[in-house]
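Line by line, the protein sequences are chains S and V.
Each residue of the first sequence is one higher than the last, beginning at 3 in our numbering.
Each residue of the second sequence is one higher than the last, beginning at 4 in our numbering.
Derived from the structure by calculation, the hints contain no laboratory data.
Be aware that a few hints might be false.
Calculated Cβ distances over 12 Å to all of chain V for the following chain S residues [as the list claims (entries may be wrong)]:
| id | residue |
| --- | --- |
| 1 | Thr48 |
| 2 | Pro84 |
| 3 | Asp132 |
| 4 | Ile274 |
Going by beta-carbon spacing under 7 Å, a handful of chain S positions derived as facing chain V [claimed, not checked]:
| id | residue |
| --- | --- |
| 5 | Leu55 |
| 6 | Ile57 |
| 7 | Ser77 |
| 8 | Tyr82 |
| 9 | Gly88 |
| 10 | Phe101 |
| 11 | Met141 |
| 12 | Asp204 |
Bear in mind that the values here come from a model prediction, so they are computed numbers and not experimental data.
Every residue, glycine too, gets a C-beta built ideally from N, C-alpha and C.
One letter stands for each residue in the lines below.
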Amino acid sequence: MSSALAVSAANLVKRFGDRRAVDGVSIAVPQGLIYGVLGPNGAGKTTTLRMLLGIIEPDEGDRMLLGHDRPREASDRVGYLPEERGLYPNMKCREAIAFMGALRGLPWKTGRKRAGELLDAAGLGHAADDKIRKLSKGMAQLVQLLGSVVHEPELLVLDEPFSGLDPVNQERLELLIRAQQQRGATILFSTHVMAHAERLCDRLSIIAGGKVQFEGTVNDARATLPFKVYYTPHHHGEAARALLPADAERDGEGWRFTMPNDGVEALLVRLIGAGHGISGLSIERPSLHDAFVRIVGRDAIREDAA
Amino acid sequence: MTRFRHAARQALTVARRDFTATVLTPTFLLFLLSPLLMIGFGVIGSLSATTAATGGDAKRRIVVIADSREAQVVQAVDRRLRTIFSDPSVRPELRIDMPAGDRSAQARKLLASDGIDVAAVLYGPFDRPHILRAPSATVEAGYLEQLAEQVVRAERTGTAPLSRADVQVVQRGQLTTSGRSQAAYFAAFGIFFLTLMLSGQVVGAMAEERSNKVIEVLAAAVPLESVFFGKLIGAFGSALLFVCFWGTLVANVPRFLPEGMAAEVGEIGTAVGPVFALLFVAYFTMAYMLQSAVFLGMGALAGTQREIQMLSLPITVFQFGMLGLASYAAGHPDAWLATFAEMFPFSSPLAMAARAANAPEIWPHLLALAWQALWVGITVTIAARLFRRGVLKSGGPRRRKAAAAA
Numbered sequence: 003m004s005s006a007l008a009v010s011a012a013n014l015v016k017r018f019g020d021r022r023a024v025d026g027v028s029i030a031v032p033q034g035l036i037y038g039v040l041g042p043n044g045a046g047k048t049t050t051l052r053m054l055l056g057i058i059e060p061d062e063g064d065r066m067l068l069g070h071d072r073p074r075e076a077s078d079r080v081g082y083l084p085e086e087r088g089l090y091p092n093m094k095c096r097e098a099i100a101f102m103g104a105l106r107g108l109p110w111k112t113g114r115k116r117a118g119e120l121l122d123a124a125g126l127g128h129a130a131d132d133k134i135r136k137l138s139k140g141m142a143q144l145v146q147l148l149g150s151v152v153h154e155p156e157l158l159v160l161d162e163p164f165s166g167l168d169p170v171n172q173e174r175l176e177l178l179i180r181a182q183q184q185r186g187a188t189i190l191f192s193t194h195v196m197a198h199a200e201r202l203c204d205r206l207s208i209i210a211g212g213k214v215q216f217e218g219t220v221n222d223a224r225a226t227l228p229f230k231v232y233y234t235p236h237h238h239g240e241a242a243r244a245l246l247p248a249d250a251e252r253d254g255e256g257w258r259f260t261m262p263n264d265g266v267e268a269l270l271v272r273l274i275g276a277g278h279g280i281s282g283l284s285i286e287r288p289s290l291h292d293a294f295v296r297i298v299g300r301d302a303i304r305e306d307a308a
Numbered sequence: 004m005t006r007f008r009h010a011a012r013q014a015l016t017v018a019r020r021d022f023t024a025t026v027l028t029p030t031f032l033l034f035l036l037s038p039l040l041m042i043g044f045g046v047i048g049s050l051s052a053t054t055a056a057t058g059g060d061a062k063r064r065i066v067v068i069a070d071s072r073e074a075q076v077v078q079a080v081d082r083r084l085r086t087i088f089s090d091p092s093v094r095p096e097l098r099i100d101m102p103a104g105d106r107s108a109q110a111r112k113l114l115a116s117d118g119i120d121v122a123a124v125l126y127g128p129f130d131r132p133h134i135l136r137a138p139s140a141t142v143e144a145g146y147l148e149q150l151a152e153q154v155v156r157a158e159r160t161g162t163a164p165l166s167r168a169d170v171q172v173v174q175r176g177q178l179t180t181s182g183r184s185q186a187a188y189f190a191a192f193g194i195f196f197l198t199l200m201l202s203g204q205v206v207g208a209m210a211e212e213r214s215n216k217v218i219e220v221l222a223a224a225v226p227l228e229s230v231f232f233g234k235l236i237g238a239f240g241s242a243l244l245f246v247c248f249w250g251t252l253v254a255n256v257p258r259f260l261p262e263g264m265a266a267e268v269g270e271i272g273t274a275v276g277p278v279f280a281l282l283f284v285a286y287f288t289m290a291y292m293l294q295s296a297v298f299l300g301m302g303a304l305a306g307t308q309r310e311i312q313m314l315s316l317p318i319t320v321f322q323f324g325m326l327g328l329a330s331y332a333a334g335h336p337d338a339w340l341a342t343f344a345e346m347f348p349f350s351s352p353l354a355m356a357a358r359a360a361n362a363p364e365i366w367p368h369l370l371a372l373a374w375q376a377l378w379v380g381i382t383v384t385i386a387a388r389l390f391r392r393g394v395l396k397s398g399g400p401r402r403r404k405a406a407a408a409a
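Whole structure, please, built from the sequences with the hints as guidance.
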């Protein structure tokens with residue numbers, strides 16, 4: 003892995019009217035990594051990605067994309083899947099992929115050849131000469147993704163790539179992203195689905211309210227929360243409650259509480275001594291979802307749900 | 004690769020997609036052949052009008068009341084006059100009636116008769132004839148008056164021609180002023196007509212990208228200026244195909260014209276000579292690009308199909324305004340308004356095409372083409388910036404720097 007940065011940005015600001023959609027975002031994406039930009043809806047993820055790619059200009063701040071401070075100059079080395087999927091409905095799949103490659107400097111002939119190979123590899127070879135309008139939404143989305151990688155970009159930017167896909171196509175997409183990383187590409191993607199980020203990301207940023215609230219690895223994010231303990235006594239009554247930490251909450255037949263600062267051993271000795279016994283015990287590592295909720299704040303999650 | 008070549012390649016990629024998406028559809032065939040419909044309806048309309056008019060003309064008559072001796076002279080004179088005045092719609096067929104009693108009453112009865120449509124009746128001595136006519140038959144009455152005059156002369160000198168001319172056809176060495184003026188007007192009108200028919204198509208071009216949501220894919224890969232130029236070039240490609248198809252057909256029309264009409268067409272010519280064809284194509288290109296760039300920009304900012312449709316009227320009015328300016332320039336090449344029309348970017352291609360017919364200098368055309376090309380660039384750049392700010396909600400780098408400085 004190289005320590006050079008594929009993407010970097012410092013203090014990016016974007017205002018829409020009086021609202022600061024992005025409010026001082028800084029980001030650094032090392033080459034060769036899969037980097038996630040996480041955040042609730044309206045957090046500023048898409049605007050940030052658009053500014054990084056040069057689709058829109060920031061009102062303040064600086065950015066570098068593959069060594070260029072003008073992102074357009076690197077556009078042939080970048081692949082992009084926007085959040086709002088868009089293809090010409092009357093184009094054939096092979097042509098659509100070749101067209102997207104041609105926009106990035108790939109000769110049409112090479113583009114058509116690679117399109118065929120990519121479609122075969124993705125299990126869509128049978129639809130190569132079908133028009134886009136005949137495809138299902140998931141298949142069309144996959145075709146657009148293939149169009150964004152047909153020119154073998156050094157940087158692949160995917161905005162909410164998993165939205166609208168069924169589990170089978172989500173799995174296909176994960177494989178494709180990993181294959182791009184193995185080829186040497188850097189992948190920068192946004193999502194608000196934690197499971198994908200947890201499985202894929204080498205590093206991530208969590209954005210909320212237009213600001214970066216966290217930057218680090220998935221483990222770093224999890225480490226912002228203490229471990230949890232799930233304890234099940236022999237007897238299922240409330241008797242053990244008095245000995246448990248204050249934040250213990252009933253969950254099924256057991257209790258869930260935060261790991262005490264001095265560990266769990268002393269607590270277990272007290273519980274056994276008091277005759278509650280141990281029917282079950284598990285130490286739970288916090289999930290990225292838990293970390294995300296804590297970092298973003300429950301209020302933001304509720305706003306997002308609304 | 005230089006930045007310009009890079010942008011040009013991207014523009015051509017967009018153009019290629021648009022061109023094939025337009026041309027390789029059954030709709031384009033309909034578009035290509037649509038003038039046939041126009042011609043077809045025109046032919047049907049004129050045939051109907053001609054049939055109606057011919058039916059009316061066939062029943063229309065002018066009548067001379069004359070005895071048998073006078074009748075022979077009248078017929079001879081009428082034959083000779085009709086070699087000059089041959090249009091049957093204004094010189095209806097002549098009928099000669101024998102006098103029957105009161106000639107005035109006979110003439111009035113003829114005008115009132117149902118069986119034939121009598122436009123005018125002449126009676127009385129030919130040196131002081133009486134002519135009764137229908138209110139609309141001024142020309143017919145005039146013809147009868149002239150007929151009487153010629154009959155009197157024929158009676159004095161005989162009906163044999165007194166003069167026989169030796170007529171030769173000579174090709175003129177230089178163009179006539181009227182021929183140049185006609186060519187100037189045809190050039191301006193031709194470019195106007197073609198751009199009116201073809202350039203309006205691009206109004207909805209960006210709407211396709213927005214409705215398909217392809218715009219972000221394009222905007223991420225290609226500068227908006229290249230997208231706009233690509234769309235213009237793509238649309239121009241299909242317009243050029245249309246023009247070439249119909250141009251080839253129209254160029255061969257004189258072969259099928261009657262000899263006299265072909266000779267009249269031959270009188271029309273341009274001051275710059277054969278270069279005119281090249282200049283016409285160049286000015287059509289510029290007119291198309293300039294007007295389409297405006298329409299593309301306006302269409303790109305429109306949010307809905309209804310807004311796009313609403314734009315059609317001001318666009319057409321604007322185009323007619325440009326034709327008005329250029330037509331004036333064609334008829335008054337030395338007027339200040341003609342100079343204005345040649346310099347105003349959007350009327351310049353039409354007015355300069357007219358100038359090519361009127362004046363032989365070539366250098367003003369090179370200057371004008373460069374001027375117009377500059378304005379194509381300016382218009383596309385402004386349109387792209389408005390689109391970036393209005394639709395993509397993005398300020399330019401200048402604004403960013405200003406904000407940073409603040």
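Q. Which numbered conditions among the earlier hints are violated in the structure presented, ordered from lowest to highest?
A. Violated hints: 1, 2, 11, 12; rest satisfied.
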